[in-house]
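Put chain B on the given structure of chain A with help from the hints.
In order, the protein sequence lines correspond to chains A and B. Numbering-wise (the UniProt record's numbering), the first sequence opens with residue 1 and increments by one. Numbering-wise (the UniProt record's numbering), the second sequence opens with residue 1 and increments by one.
Since the hints were derived computationally from the structure, they do not count as laboratory data. Any given hint could be a false lead.
Identical chains share a label here; the pair holds if one copy fits it or two copies do between them.
[Unchecked claim] Keeping only pairs whose Cα atoms sit at most 27 Å apart, straight-line, the calculated BS3-like set for lysine-lysine is:
1) 183 - 133
2) 42 - 247
3) 222 - 247
4) 653 - 342
5) 664 - 222
6) 42 - 85
7) 653 - 213
8) 133 - 653
9) 213 - 652
10) 661 - 222
11) 661 - 342
There are 2 protein chains.
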Amino acid sequence: MAPPHPFDPLSPAEIEAVVSLVKKAHGEGLLFHVVTAQEPRKAAMTAWLAAPAVAPRPARVAEVVVISNPSGTVYDGLVSLDESKILSWEQLEGEQPIILMEELQHVEEVVRKDPAVIEQCVLSGIAREDMHKVYCDPWTIGYDERFGNKVRLQQALMYYRPDIDNTQYQYPLDFCPIYDGNKDAIVAIDIPKQRRPLQLFAPLDYHHIAQYKRGGFRKDLKPINITQPEGVSFGIDGNIVSWQNFKFHLGFNYREGVVFNNITFNDQGNERDLFYRMSLVEMVVPYGNPEHPHQRKHAFDLGEYGAGYMANSLSLGCDCKGSISYIDAAMPTRVGGVRTIKNAICIHEEDDGILFKHTDFRDDSTIVTRARKLIVQSIFTAANYEYAVQWIFHQDGTIEPNIRLTGILNTYVLLPGEDTHGWGTQVYPGVNAHNHQHLFCMRINPNLDGGHQNSVFLSDACASEEPVGSAGNYYGNGFYAKRTRLETTGEGATDYDWTTMRTWDMVNESKIHPYSGKAASYKLVSREVPQLLPKEGSLVWKRAAFARHTMHVTKYADDQLYPAGRHVPQTSGEPSKGLPEWIGDGKDSIVNTDIVLWHTFGLTHFPAPEDYPVMPAEPMMLLLRPRHFFLSNPVMDVPPSYSITPSQVLAKKDVYDATDKMSKLVVSSSGSCCSKL
Amino acid sequence: MAPPHPFDPLSPAEIEAVVSLVKKAHGEGLLFHVVTAQEPRKAAMTAWLAAPAVAPRPARVAEVVVISNPSGTVYDGLVSLDESKILSWEQLEGEQPIILMEELQHVEEVVRKDPAVIEQCVLSGIAREDMHKVYCDPWTIGYDERFGNKVRLQQALMYYRPDIDNTQYQYPLDFCPIYDGNKDAIVAIDIPKQRRPLQLFAPLDYHHIAQYKRGGFRKDLKPINITQPEGVSFGIDGNIVSWQNFKFHLGFNYREGVVFNNITFNDQGNERDLFYRMSLVEMVVPYGNPEHPHQRKHAFDLGEYGAGYMANSLSLGCDCKGSISYIDAAMPTRVGGVRTIKNAICIHEEDDGILFKHTDFRDDSTIVTRARKLIVQSIFTAANYEYAVQWIFHQDGTIEPNIRLTGILNTYVLLPGEDTHGWGTQVYPGVNAHNHQHLFCMRINPNLDGGHQNSVFLSDACASEEPVGSAGNYYGNGFYAKRTRLETTGEGATDYDWTTMRTWDMVNESKIHPYSGKAASYKLVSREVPQLLPKEGSLVWKRAAFARHTMHVTKYADDQLYPAGRHVPQTSGEPSKGLPEWIGDGKDSIVNTDIVLWHTFGLTHFPAPEDYPVMPAEPMMLLLRPRHFFLSNPVMDVPPSYSITPSQVLAKKDVYDATDKMSKLVVSSSGSCCSKL
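In isolation and in its complexed conformation, chain A is listed as follows (with noise of 0.2 Å):
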């Protein structure tokens, strides 16, 4: 069998034999917390990448980080899968491994049958023996200073099911008890000094069996059929995924989800580097609640849980419609066995509607070419809510990342007549869904034709600095892009600014394109970047350290991925880990060399009755778009559905014709009037 390619994630192969020298080393009382390749290092994956026949493959290592049971002593360590031994093994001290699965799983028994929350429960309002209608999402506790980060602690948000088939968002309970890991004990209770008993209004479920009693579904849409007879465009050869001159690896790790790696452009036969690694690396969810204890709920779903490990297994035509690969993920079980999350990334087509047209007015002559994109997307359940990360790639070299938010609001108790202070909405009686962002946080790490030696630069829409009537402007219209470059990590940290309609373009400065003059480019266009609003200083911004500004740059640095901190759960902020850390005095430079951007971009939600039970998505895109990289329109080449040159409409002949024979007209129901069908 031949070897893997150096980006692949474990096979289930690999993670059984990485589990195995662990073991054999260390013991069987272990839990696995993580067990993934290590990103190859740069040096030696560039190296390989140039001249795969001749340069050395690079060092095949796994990451693992385990929790000693019943110590509870964390340890982070490298395992050689070339060499079949361990690498490094490190005893971590106050710091606490991403949380798993089984792990919030496990929550809700202890929760059930401990007293004092059983206590707490009745004086809710429910009866003792309906303790298996009690839920909790359990998220680990962010931060909290009574307990620090020594304790490996989740907070349990509590909820009630009066019958299984209840949303539990709908009946949230007041209190919030605190799950020791170690102990695998309730620990301490938060009970608010206003007490809210549970809130019984009639449920609004969403499940068909409710929507039944609710008088069913409508019976007016029509099937859509998408349908490819003869087969896709793209091609997937291991992980690598080629499509209309893209060409990347695609991954999956427990922690990002999606990774791409060597994203190329063919341009012409040229195939030219673009990216050396995309993907979203964090993301924070602050709610704006200030009552204790809901400062904690600050989420950073991918370094805390994993979207990787969140992710959900996709379904044929219902995910998504078409023609459809999938791609399967293998993830470690806490006792060292393998999870596989079957359909875990799903790759399809869709048409994109008109990719360019024009029509001559004169006389006619007109061209109109249709558009197609691949999407590359994986879904995860974070709790209450689901995040559809969709990458789209365009035909014209655009890269769209996409970003659909599902799922249910996270929710609290409302007493009647209560005041929500503006902190939350009532989105139904008795519910409170608390105001909150979603930050995400993508790393970027260009390397736009070739060598790795890149620069940003701001890009700023300006008007003349000259004045209305003055020779250079003399009625007032000039403008212009000014750019501005980066020069260090310091100034690298820059915001958007919508007087400006800001972008910031990663430059290659060595390769000038031949007619424009300027530097061979990609810009980014992001217009959904919501400031962090939890204040400086506070615990958020203390441990979200990458979301203070919509982009961070560095200089490339192996191990640097992840801007909240390697090991997230119960960061107290001081210092703040990662990006932080990186960016240090802020005088390296980053012009000319191997950058990584960390864009932070998102959302802020007040939430509405709309957006309960469940919420109809809420889309939200960005666009990398290559600008100078081209010689040229770079699509001209795709076959247009119609095309007819000046000449041709005199001539009357010669028309190119691939117009959609599968399309058809519908005729309108009266048809009476003369300017209808």
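Showing chain B alone in chain A's frame:
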């Protein structure tokens, strides 16, 4: 035959009737620039809509604007179709009506024969006998203080085509003839101080013949077929379109193109008003090169040329895919005939990915429901540019205006080695594409929940005012939506603010949501909102007053439709027409009354070679989203693809499975690795 709906465009027979009445009264020598239905007076119309069987049918009136030939006198009149008589007839002074395609097309003929133009062509390097290879895009002159607005002028942007099938925009000429429509002659030529002769580099054309010569089309795109074997989910009755609880009147006129009237939403049997009228009403495309005479390039494409007059005739399976309905548009010709734009509007549905999804991590209960969208599209060609304007309706009540910009850049000649000074980009040898903005103005007249009593609030995401460590914000995470009611038309002039991710909420303050306690609203989420870059006091700033702010709000008044004035060509901006006139001293109340929102959004475009010779479509979108309007999520009755409750997971039965059986699994080409399919 039933009378037309009062919102209906004029039928061909009505246009003919109006022309005939006018000719009878005012003679044959008239040129018809506008023959269009007057928007019904709102008081009469709302009375009729409320009780169509009882209330009097609103008067059917046509607006007519003519130029008397050869005097050039302009008349603006109203004609009653009910009474077959002219209601008013006013002579205009210093106002120029909209320019017609017929006028534009004619200038090219004049230019080719004009001795002074021929002389300039020869100076540029064109043989005297090659004048048939000389082309021009005539634009209205905008405003030129040397000529004022009592003469009717066009500026001819000059190009050359070595071959009839070459794209002229790659061979721009450096001089600009000015055509006087009253004299039917070239009356001046603007000649730059620095001469730039024709730059005859090899052509780069976009039609299929040129692509054949470059090696033909890519062959790796497999067809995607989209079919609706059971038909479509929308209905069309006359101009009334209904789909998924939405209902609206779909109008079309010479100027705005598509117009929506009386948009309602059937909320569980209750037909609730949303918007009385919505459309694009104006746009301006200022170019950023301050050198004379480029300041005159700032097209008001709607007010000066008309999105309706310039509308493409759309083709089946070419501009759209699937099952498509079309609506034709009837326009007057200049001499008073009727021109039918076949398929001026297309209407079709598309699958829209996931509408909502949730999986419970503890019990594997799941629901996933797919979304559908309805797209109403019109595409217009403004000389070089194409604007594909889509109005997308979503099942959850969201309305998404979505515009794709494509077509060809406006270009000017550049000498070898010449510096663009940052005002443009050399996109191809000898071709300078100037910086420009596309600023659209959308007019929204909400009537949320009836009564025509709405207000507008700014909604700003703000951190709690209380400091970190204070009792009210101890952990510093408090944040809320600060809402500020705009009280007067003066206050209504507001700008975007990225630091608070500002939105504008249209609100019916009398309709309080029973759960949230907040008033029924639609939120405008719009992020592509560049500032007008021509400076305060500049020519463009004076003429395009609507673009000075992201938002203006006025009190509704009949006939206040066009924010840069009713007759836009050759306005001087002294004083500014339209919005500033209506806002006046800014003291009119806009609280709980019939209000109109004027929203400016768009793009600033710094050209790059990728945009040449034809531009891959650049997308932009905004959202109008219901908030506190529906009792709960309004799409729970959309049939899911898949739904299973917790009890069904346990019982392993009764799953709701309507997954798409047309979708196909694609097995990857290698299929070798265990973690792949």
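Hints and how they fare:
1. 183 - 133: Only inside one copy: residue 183 and residue 133 sit 25 Å apart there, 87 Å across copies, limit 27 Å.
2. 42 - 247: within (19 Å within a copy, 57 Å between copies)
3. 222 - 247: Between copies, since 18 Å is at most 27 Å while 37 Å is not.
4. 653 - 342: Classified as between; 22 Å across copies, 53 Å inside a copy.
5. 664 - 222: both (14 Å within a copy, 20 Å between copies)
6. 42 - 85: Within one copy only: 22 Å inside a chain, 82 Å across chains, cut-off 27 Å.
7. 653 - 213: between (62 Å within a copy, 19 Å between copies)
8. 133 - 653: Classified as between; 22 Å across copies, 74 Å inside a copy.
9. 213 - 652: between (62 Å within a copy, 21 Å between copies)
10. 661 - 222: The answer is both: 20 Å in one copy and 14 Å across copies each meet 27 Å.
11. 661 - 342: So residue 661 and residue 342 pass the 27 Å test across copies only (19 Å; inside, 37 Å).
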